[in-house]
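Enquirer: Here is how the chains run, residue by residue.
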Amino acid sequence: MIPDAVQRLVRALLDPPSTLNLSAREWNDLVLIGRNAGLLGRISTELKDRGLFHKVPQKARAHLHAALISAESDQTAIRFEVNRVVRALATVDVQIVLLKGAAYLMADLPCARGRMLGDLDLMVPLERIEDVEQALIKSGWLPAELDDYDQRFYREWMHEIPPLQHPTRETPIDLHHTIAPRTSRVRPDAKALIAAAVELSAPRLSTLGPADMVLHSAVHLFNDEVSKPLRDLFDLHQLLTEFGARAEFWNELMARAKLHGLGRPLYYALRNTRRIFMTRVPSEIEKTASQFAPAAPIGAVMDWIFIRGFMPSVGTEKDAATACARWLLYVRSHWLRMPPFMLARHLAIKAMRQIGERLRRRPIEDPE
Amino acid sequence: MLISDIPHAALAQRLRQEGVHIDTGAFTTHLRIGLPHLVEEFAQMYAQYPVEDPPGIDDARLRIDAPSFISRYWAPSAAAWMDGEKFFDPVPAKRAYTVLESGLNWAVATSLLSPMLVHAAVVERANRAAILPAPTGSGKSTLSAALSWRGWRLLSDEMTVFSFEDGTILPNPRPVSLKNKAIEIIAAFEPRAQFSPIYTGTAKGDVAYMRPPADAVARFKESVLPGLVVAPQYHEGMRATVKRMEKMEGLRWLIDNAVNYSSMLRMGFDTLTGIAERCEFYILTYSDLEEAVDVMNRLLEESLSTAASP
Amino acid sequence: MHCWGGECAVFNRLSGDTHLLDVVSSEVLRIVTAGTVETEQLCQKIAEFLDLPNSADLKENVSEILASLDELGLIEPADAC
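Residue numbers (my numbering), protein chains in the order written: chain A, 1 to 368; chain B, 1 to 310; chain C, 1 to 81.
In short, the hints are calculated from the structure, not lab data.
Incorrect hints may have been included.
[What the hints assert, rightly or not] In silico DSSO-like pairs for lysine-lysine, Cα to Cα no more than 30 Å straight-line:
hint, chain 1, residue 1, chain 2, residue 2
1, B, Lys-94, B, Lys-204
2, C, Lys-59, C, Lys-45
3, A, Lys-59, A, Lys-138
4, B, Lys-243, B, Lys-179
5, B, Lys-221, A, Lys-55
6, B, Lys-94, B, Lys-179
7, A, Lys-228, A, Lys-258
8, B, Lys-221, A, Lys-48
9, B, Lys-94, A, Lys-228
10, B, Lys-181, B, Lys-204
11, B, Lys-86, A, Lys-59
12, A, Lys-59, A, Lys-48
13, C, Lys-59, A, Lys-138
14, B, Lys-94, B, Lys-181
15, B, Lys-221, A, Lys-59
16, B, Lys-86, B, Lys-204
17, B, Lys-179, B, Lys-204
[Stated by the list, open to error] Where chain B lies over chain C, by a calculated footprint (3+ residues, C-beta under 8 Å):
hint, stretch
18, 27-38
19, 60-73
[As the list claims (entries may be wrong)] So, partial list: chain A residues that the calculated Cβ filter (under 8 Å) puts toward chain C:
hint, residue
20, Phe-80
21, Asn-83
22, Thr-322
All C-beta atoms, glycine included, are put in the ideal place defined by N, C-alpha and C.
One chain only, chain A, in its complex shape:
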């Protein structure tokens, strides 16, 4: 069920030296799918770290290098933004917990290598969020321009305040107070998340504890809509492999999953990382996790939806099955985030807005 091109991509990730046997055309295909999946930078760093970069055919090197440059550019932007945030919050006594890409980067985790990082995601306690937002605004960040509907959507229903962005830089900041939307069916224990946060060597900064970090990645991937799902799944594989080297981690993972009510995303995480990346999970843990599995027929459907929906486009063709799975994932992710009666209304408004945008967009200038 996994397309050949994706299997080759997975092999390149799990066994980088194997790429040295690729023909020029195979490199072409790997570059394409690697880029679509958001994983090309990772292949580049692996080859660089092993001193194999110079053995790659010259044209492929240029593409790998471009992926590295993109990642480095993104990472520089995040590092700088973190630096600016810490300065802006100098007088606000609050623990700053980094999430997702920024956390991987500042904690020097393997999954950050060669990776684009997106927005800067931060978590602070719910009761401090106003203070933090005000401090950032005072230091020059601007709230995104949103209409009333979106403002309410973010504040009341999601777990974020609307993104903040500094006028001279391009990195949006997403300020969270928990790791799943307020109105969603899962209610992680935000206080416990903060209590278990791990301090980084850099002052003022923490990340979630290892088990919580894995669960956050899982709930984000399996309950939200993500742009690069295969990459996020690879993050999970790496986190599980890195943290899983410590024997106690697995029991912690189980315990935290139960505490936060995130057993179902954990089940999906373990199952899908094993299927695609052959992640090593202790068998007792797998058995225990199966208590969180959905009823059998649903399980088969979800298997199909996830595997299919996570596939990056192969080349430039968009295939119907993937598109269908993606759409199902999209609807499902919104279903999970909101009470049912809100979902239809939200999707309708979103669709209207997209149409409005298309009508407003002016045609691109005639090329010379």
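Guided by the hints, dock chains B and C onto chain A, whose structure is given.
Expert: Just chains B and C, lined up with the frame of chain A:
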């Protein structure tokens, strides 16, 4: 194998179906064309360019075709797709060739494959590259076209591409775009020059493309280090004059025209400051092409003798 | 830093930006990069560099320059312990 080695019917079919992988020096593009008249124009302008067969690594994928079934026949138009995404609004089909050239430029400019300057032509002589940065309409394409017939090798009329590995300039010579009066000027300047049809009604007026001289394409794998930077400024009626530009001003000029500069981080900085360290910057004001060519030759002489002296 | 005619082009490793600094700003940056320095000492050095009296105006200009460089992420204030 060159485009001219492929019989026309076979070429048309290949372009329509599996596409052709065309090498322009620094970039290889997987090209598909669904419009018969565009196939002919393409075959004529790119006759001397090699195709990669079997295909290797493509740097971009470009398709030019009618945007819909109806528009193939009724008020025919042409649209372009890059990596499967439509990215230009359709133009009348008879100007489809301009979309091909713009598409190829776009592919280069948006790739992050190497540091590069837009709006900067580059030519080479005596193993030294002269970069000609200038805004659109300043005559740099016309000047680079003229130079290419007077002992200079054309590397590009629009974009200077640097190797990320050794800072040399990578040739990517393509048909030179000439607008309005420039078309007749070059035709008069050089009888050997061959042109595409004139495409009318574009945003910038009439556009035609000049086939690069044979040696530009034959030698397009020969990279070269930058030697001097000359910003051309066409000024009706002016005699050709040269003014030295301060290095900091020159650097500013380069940065302004470096399209992917901010993404290139340290490498971009080093590439451009490297040029500023190595090369002199000049502004060349001119109206007569022969005079301008003479000045360029003189500036090159100076640059060579400065390097030679201790 | 690459300098010509007193102006300097600087690559900011923290932000990835490139800055083109005028004569005085680049001298301030050069001094601060060489080692932590007290504002008063810095003003004195700049006054010498420009061959000007260490006046209130000069101090104000230097403070502004320091604030800008700080804002850009090129330097950091070293707080008194």
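Enquirer: Work down the list of hints and note, for each, if the structure agrees.
Expert: Comparing the hints with the structure gives:
Using a Cα cut-off of 30 Å, the hinted pair Lys-94(B) and Lys-204(B) holds, with the two alpha carbons roughly 16 Å apart. For the hint linking Lys-59(C) to Lys-45(C), the alpha-carbon distance of about 11 Å falls within 30 Å, and the restraint holds. Only pairs whose Cα atoms come within 30 Å are accepted, and Lys-59(A) paired with Lys-138(A) is rejected, the gap being roughly 48 Å. Note on Lys-243(B) and Lys-179(B): the hinted pairing holds, with a Cα-Cα distance of about 27 Å set against a maximum of 30 Å.
Distance check on the hinted pair: Lys-221(B) and Lys-55(A) sit about 20 Å apart at the alpha-carbon level, within 30 Å; holds. Simply put, Lys-94(B) and Lys-179(B) have alpha-carbon atoms about 17 Å apart, close enough for the 30 Å limit, and the pair holds. A C-alpha spacing of about 27 Å is found between Lys-228(A) and Lys-258(A), which places the hinted pair at or below 30 Å, so the restraint holds. This hinted pair checks out: Lys-221(B) and Lys-48(A) have alpha carbons roughly 26 Å apart, not beyond 30 Å.
Among the hinted pairs, Lys-94(B) with Lys-228(A) is inconsistent with the structure: their alpha-carbon atoms are about 40 Å apart, more than 30 Å. Between the alpha carbons of Lys-181(B) and Lys-204(B) the distance comes to roughly 12 Å, so the proposed pair stays at or under 30 Å and holds. For a cut-off of 30 Å, the pair hint linking Lys-86(B) to Lys-59(A) stands: about 25 Å separates their Cα positions. The straight-line distance between the Cα atoms of Lys-59(A) and Lys-48(A) is roughly 16 Å, inside the 30 Å bound, and the hint therefore holds.
Restraint check for Lys-59(C) and Lys-138(A): satisfied, since their Cα atoms lie roughly 27 Å apart, inside the 30 Å limit. This hinted pair checks out: Lys-94(B) and Lys-181(B) have alpha carbons roughly 21 Å apart, not beyond 30 Å. Of the pairs offered as hints, the one joining Lys-221(B) and Lys-59(A) holds, with about 13 Å between alpha carbons and a cut-off of 30 Å not exceeded. Proposed proximity of Lys-86(B) and Lys-204(B) is supported: the alpha carbons are some 22 Å apart, at most 30 Å.
For the suggested pair Lys-179(B) and Lys-204(B), the alpha carbons sit about 7 Å apart, so the restraint of at most 30 Å is met. Judged by the Cβ-Cβ criterion of 8 Å, the stretch 27-38 of chain C is not covered by chain B as claimed, because only 0 of its residues qualify and three are needed. Restraint check on the stretch 60-73 of chain C versus chain B: 0 residues with Cβ-Cβ distances below 8 Å, three needed, restraint violated. The criterion of a C-beta within 8 Å of any C-beta in chain C is met by Phe-80(A), whose closest approach is roughly 4 Å, and the hint holds.
Satisfaction of the interface hint for Asn-83(A) is found here, the shortest Cβ-Cβ separation to chain C being roughly 7 Å, below the 8 Å cut-off. Taken as an interface hint, Thr-322(A) does not check out: its beta carbon lies about 35 Å from the nearest beta carbon of chain C, beyond 8 Å.
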